[in-house]
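Novice: The residues making up each chain are set out below.
Number of protein chains: 2
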Amino acid sequence: MKKNVKFLIRYDGTRYFGWEHQPNTDMTIQGKLENVLSRMAGLPEGETVTVIGAGRTDAGVHARGMVANAILDTEMSAEEIRAYMEQYLPEDITVAEVKFCAERFHSRFKAIGKQYCYTCWIGEEKPVFERRFVTVLPKVPDIDRMREAAAYLEGTHDFKAFCGNPRMKKSTVRFIKSIEIRRSGNHLRFYYQGNGFLQHMVRILTGTLLEVGYGNMAPEDIPAVLESLDRQQAGPTMPPQGLTLLHVDY
Amino acid sequence: MKKNVKFLIRYDGTRYFGWEHQPNTDMTIQGKLENVLSRMAGLPEGETVTVIGAGRTDAGVHARGMVANAILDTEMSAEEIRAYMEQYLPEDITVAEVKFCAERFHSRFKAIGKQYCYTCWIGEEKPVFERRFVTVLPKVPDIDRMREAAAYLEGTHDFKAFCGNPRMKKSTVRFIKSIEIRRSGNHLRFYYQGNGFLQHMVRILTGTLLEVGYGNMAPEDIPAVLESLDRQQAGPTMPPQGLTLLHVDY
Numbered sequence: 001m002k003k004n005v006k007f008l009i010r011y012d013g014t015r016y017f018g019w020e021h022q023p024n025t026d027m028t029i030q031g032k033l034e035n036v037l038s039r040m041a042g043l044p045e046g047e048t049v050t051v052i053g054a055g056r057t058d059a060g061v062h063a064r065g066m067v068a069n070a071i072l073d074t075e076m077s078a079e080e081i082r083a084y085m086e087q088y089l090p091e092d093i094t095v096a097e098v099k100f101c102a103e104r105f106h107s108r109f110k111a112i113g114k115q116y117c118y119t120c121w122i123g124e125e126k127p128v129f130e131r132r133f134v135t136v137l138p139k140v141p142d143i144d145r146m147r148e149a150a151a152y153l154e155g156t157h158d159f160k161a162f163c164g165n166p167r168m169k170k171s172t173v174r175f176i177k178s179i180e181i182r183r184s185g186n187h188l189r190f191y192y193q194g195n196g197f198l199q200h201m202v203r204i205l206t207g208t209l210l211e212v213g214y215g216n217m218a219p220e221d222i223p224a225v226l227e228s229l230d231r232q233q234a235g236p237t238m239p240p241q242g243l244t245l246l247h248v249d250y
Numbered sequence: 001m002k003k004n005v006k007f008l009i010r011y012d013g014t015r016y017f018g019w020e021h022q023p024n025t026d027m028t029i030q031g032k033l034e035n036v037l038s039r040m041a042g043l044p045e046g047e048t049v050t051v052i053g054a055g056r057t058d059a060g061v062h063a064r065g066m067v068a069n070a071i072l073d074t075e076m077s078a079e080e081i082r083a084y085m086e087q088y089l090p091e092d093i094t095v096a097e098v099k100f101c102a103e104r105f106h107s108r109f110k111a112i113g114k115q116y117c118y119t120c121w122i123g124e125e126k127p128v129f130e131r132r133f134v135t136v137l138p139k140v141p142d143i144d145r146m147r148e149a150a151a152y153l154e155g156t157h158d159f160k161a162f163c164g165n166p167r168m169k170k171s172t173v174r175f176i177k178s179i180e181i182r183r184s185g186n187h188l189r190f191y192y193q194g195n196g197f198l199q200h201m202v203r204i205l206t207g208t209l210l211e212v213g214y215g216n217m218a219p220e221d222i223p224a225v226l227e228s229l230d231r232q233q234a235g236p237t238m239p240p241q242g243l244t245l246l247h248v249d250y
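From first to last, the protein sequence lines are chains Z and X.
Residue numbers for the first sequence, in the numbering used here: 1 to 250.
Residue numbers for the second sequence, in the numbering used here: 1 to 250.
Simulated from the structure, these hints should not be mistaken for laboratory data.
Hints should not be assumed to be uniformly reliable.
As the list claims (entries may be wrong) - Computed list of chain Z residues with no C-beta within reach of chain X, every gap over 12 Å: (1) Lys2; (2) Gly55; (3) Arg64; (4) Pro90; (5) Glu91; (6) Gly155; (7) Ser184.
To be verified - Taking lysine-lysine and the DSS-like style, the derived pairs with C-alpha atoms no more than 27 Å apart in a straight line are: (8) Lys32(X) / Lys110(X); (9) Lys2(X) / Lys110(X); (10) Lys160(X) / Lys177(X); (11) Lys6(Z) / Lys99(Z); (12) Lys139(Z) / Lys139(X); (13) Lys139(X) / Lys99(Z).
From the three backbone atoms N, C-alpha and C, an ideal C-beta is built for every residue, glycine too.
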């Protein structure tokens, strides 16, 4: 019987070329999931199950709450599917939940919001235990200045200046519900909540906030950066390893 | 000028053959530290600085608070030494502190206590983000039973049954000040505090407590295991990756 199956997936993205299929490599999260599910379904050579993800994460980006779904023709229970996947997926991808869901559920189209965290490391010691999941900062930024700048980014704006894809044809208008910046010991975390994010957007937002934190830009410069719609006016794209998709809202 | 220099060191032991020098490999923590310090001291080919560690950690074991010392002939400040070491040590070894100390300080002989943590993972999900630092348990042990068993292990005993070295010639009497077992989410942590630990002792203690937790042994069996002085009577040696040296007391 055909069932629409929903997955909650977590992964350490260090070894992968991102979520989405790439030519000439099977080292993508989507590819690993599809391989396991195609094997489970006993599909003939050359046929594969299609797994739809809530969004694409870039190479090196992690997820604690990626949501995906797939149409499976199976008699297995949700728990049997989960146990099978856990057994055959590599050690850096885990399936936290499997649920049968309504036929109309689509993990990408039905998503109404996403939460990301960008984690930086501050300190003279190297982050030996977390080095795959943080970006080391060369100096300590001013958090109050960054919070002032973040306030200008919240709300609905055209984020074209914060989009990593210069050939983006579709709307670059997005709604950011909140940006929270928290320091805890050696960690400086940037939490982003919004209805959707453009390519590299969270990494460029973080790079721009850090420019403010370092004194290279003023918080009051942010509105002009937004209005410019010019990628060159925003800060640098931060490296992928500090970024984690925390949650997808439906 | 010759100075006795004390180091506080943290490392992810995954890639290493343990603390101590091994023939035919430079992948030991001691070896990496000695290489960097010998280079810093500008010693001639073949001569090396000797680094004394508070204890030996096994292959795959981690440390958040290893203490070591070395006699260095240097004009550098403590902070300059730390910065130099940080720069040249690999990404999985960090020097958190460097201090000049009294000539009589010896990181092994002056140590009066050590604290270790053994971390297990309970849950159907794989520990994708922490897989190098935890041991996955096949089932959930009974914590109250393990605490009862742990109480028999506290105090001063001959721990020969819990020693991984069958040719141990010296005293196997040790004092365990406390064993604490705490569950937090998917983590089950065993904290050990004592005046010193035999080879593999923390891993065998944990393996034995888990045998009690699984119902394969009774808490009341522990005194007989201790009295037997027989390694075969204790539980299995748990794998190294769950073990971390937390602190050395002086």
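Novice: Next step is simple, just say for each hint if it's right about the structure.
Specialist: Results for each hint:
no., hint, verdict
1, Lys2, "holds, 26 Å"
2, Gly55, "holds, 19 Å"
3, Arg64, "violated, 8 Å"
4, Pro90, "violated, 9 Å"
5, Glu91, "violated, 6 Å"
6, Gly155, "holds, 33 Å"
7, Ser184, "holds, 17 Å"
8, Lys32(X) / Lys110(X), "holds, 23 Å"
9, Lys2(X) / Lys110(X), "holds, 20 Å"
10, Lys160(X) / Lys177(X), "holds, 17 Å"
11, Lys6(Z) / Lys99(Z), "holds, 5 Å"
12, Lys139(Z) / Lys139(X), "violated, 45 Å"
13, Lys139(X) / Lys99(Z), "holds, 23 Å"
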